[in-house]
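With the hints as extra help, turn the sequences into a complete structure.
Sequential numbering from 156 applies to the sequence shown in our numbering.
There may be inaccurate statements among the hints.
[Unchecked claim] If you anchor each label on the Cβ, the simulated ranges turn out as follows:
(1) 373 - 586: 43 to 49 Å
(2) 224 - 462: 30 to 36 Å
(3) 444 - 470: 40 to 46 Å
(4) 551 - 589: 38 to 44 Å
(5) 230 - 597: 47 to 53 Å
(6) 455 - 167: 17 to 23 Å
(7) 209 - 179: 25 to 31 Å
(8) 232 - 293: 49 to 55 Å
(9) 586 - 167: 28 to 34 Å
(10) 358 - 180: 55 to 61 Å
(11) 581 - 455: 40 to 46 Å
Hints were generated in silico from the structure; no laboratory data involved. All C-beta atoms, glycine included, are put in the ideal place defined by N, C-alpha and C.
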Amino acid sequence: MNRQTFKLLPELFGDAVMAEIFSAERTVLAWLRTEEALARAQAQAGVIEPGDAAAIAAACVPANIDLPRLWSEAVNVGYPILPLVRMISAALPEGPNGRVHYGATTQDIMDTGLALQLGEALDRLAELLGAFGDAVAGLVAGHAGTVVAARTHAQQAVPTTFGAKMAVLLAEVTRQRERVAATAREVRVVSLFGAGGTSAAMGERSSDVRAAMAVALGLRTTLVPWHVARDGVAEFGVTCASLAATAARFAREVVDLSRTEVGEVREAGGHHRGASSTMPQKANPIGCEAVIGMSGTAGALSSGLFRAMEAGHERAAGEWQVEWYVVPLLAELAAGALATAADVAAGLRVFPEAMRANLDAEGGLIMAEAYMMRLAPALGRERAHDLVYKAAHEAREGGRALADALLEVAGPGDLESLGSLPIPPESYVGDAEAVCAAALEAWRAGAGAAREEAVLEESA
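Written out as structure tokens, the structure reads:
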């Protein structure tokens with residue numbers, strides 16, 4: 156029982172911490188913690204005797220759970236909590252053994268355990284996202300003035316700086332940090348509502364028990380059941396897929412800029428890193444490739460959680476089981492993507508000389524907008540556009556520099572406002588450095604706020 160298929164992608168590039176959070180042992184431990192907290196909360200509310208609760212709590216330990224037997228019996232039942240409860244009860248004397256799982260239902264225990272795991276997973280994702288953001292921030296600060304071609308539709312557009320390119324990514328990572336924090340608040344919620352969501356079996360003290368149980372586990376309480384309301388779990392999955400996609404956007408940028416014909420960046424080197432079994436010259440961007448693969452898989456998997464949201468009536472009939480497979484994988488893929496992207500960003504090799512050389516790849520055509528905007532005050536934007544467009548066509552067809560072609564196609568007096576030629580790319584990067592400063596300020600401010608919130612949560 157408990158057979159596992161081999162998954163090469165997370166095996167090579169996954170995050171060991173996240174894999175441990177969703178391991179069989181930690182999953183069962185989360186259920187045991189939930190059963191313990193339930194018993195203690197019931198004693199606090201006067202539902203069961205304090206001595207019974209203490210005995211139950213002492214029995215809710217992994218040593219009392221036979222994992223192979225648990226999974227074997229769970230196949231017959233369909234769920235693992237009934238055999239789990241029987242194993243806990245078997246370790247207790249008469250009296251306390253009849254108070255285990257008192258008034259709860261299977262999904263209460265599994266969902267509360269899941270809430271604990273999702274909270275831990277989001278803490279780990281926040282940590283990994285912070286490392287990725289710090290590495291990107293280093294690129295922003297270090298290359299705020301490194302001029303490079305901005306590219307639109309995969310073609311050179313206007314000059315920018317490499318720092319400004321990374322600043323756009325850093326702002327995205329900053330927003331992702333806020334999403335992770337919001338998702339963590341959403342999913343850390345207790346579930347204890349019994350068979351049909353009415354808490355009838357728990358009696359009139361059900362809300363007191365639920366609140367005390369939530370406090371013991373560090374979760375939020377709620378007055379409304381969520382057995383079939385899976386939007387919070389879906390939000391977790393979408394957050395994971397979104398984080399992986401942000402990492403993949405960076406990875407795709409690195410892949411494209413490290414093409415042989417571009418050569419502006421490259422992943423960190425190392426003996427046989429990215430090597431080919433047949434082409435000795437190869438140094439493939441294998442870290443970025445893994446990130447892109449994990450992101451693509453996460454995006455596809457996350458759609459399954461919207462099917463899980465279709466659960467009907469007061470209990471799912473198969474939709475819930477989608478989460479059992481999809482949620483752990485999404486968490487591991489997101490963690491692996493962030494960790495790998497952080498390593499790539501921290502070790503990224505940047506080649507300013509290649510960036511500068513590529514700015515001249517088409518004889519200065521990248522400066523067409525700059526010429527147009529310098530002519531526009533005197534000629535008007537449309538006439539200036541047409542003039543530079545014609546010059547760009549002539550330059551491309553004849554393999555000449557744009558500045559030379561512009562001199563040839565311009566009429567008398569057209570170039571009086573143009574000034575000296577050619578216009579250097581470094582003079583046409585606009586607010587690139589201000590963009591870098593703003594992105595860095597937002598990232599650093601958010602990091603400080605995150606630390607303060609963590610301290611407050613710990614003290615609470």
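Hints versus structure:
1. 373 - 586: 43 to 49 Å: 44 Å, holds
2. 224 - 462: 30 to 36 Å: Hint holds: Cβ distance 32 Å, inside 30 to 36 Å.
3. 444 - 470: 40 to 46 Å: Holds: the Cβ-Cβ distance is about 42 Å, inside 40 to 46 Å.
4. 551 - 589: 38 to 44 Å: 33 Å, violated
5. 230 - 597: 47 to 53 Å: 51 Å, holds
6. 455 - 167: 17 to 23 Å: 19 Å, holds
7. 209 - 179: 25 to 31 Å: 28 Å, holds
8. 232 - 293: 49 to 55 Å: 52 Å, holds
9. 586 - 167: 28 to 34 Å: 41 Å, violated
10. 358 - 180: 55 to 61 Å: 34 Å, violated
11. 581 - 455: 40 to 46 Å: Cβ of residue 581 to Cβ of residue 455: about 43 Å, so the range 40 to 46 Å holds.
Violated hints for the displayed structure, listed by number in ascending order: 4, 9, 10.
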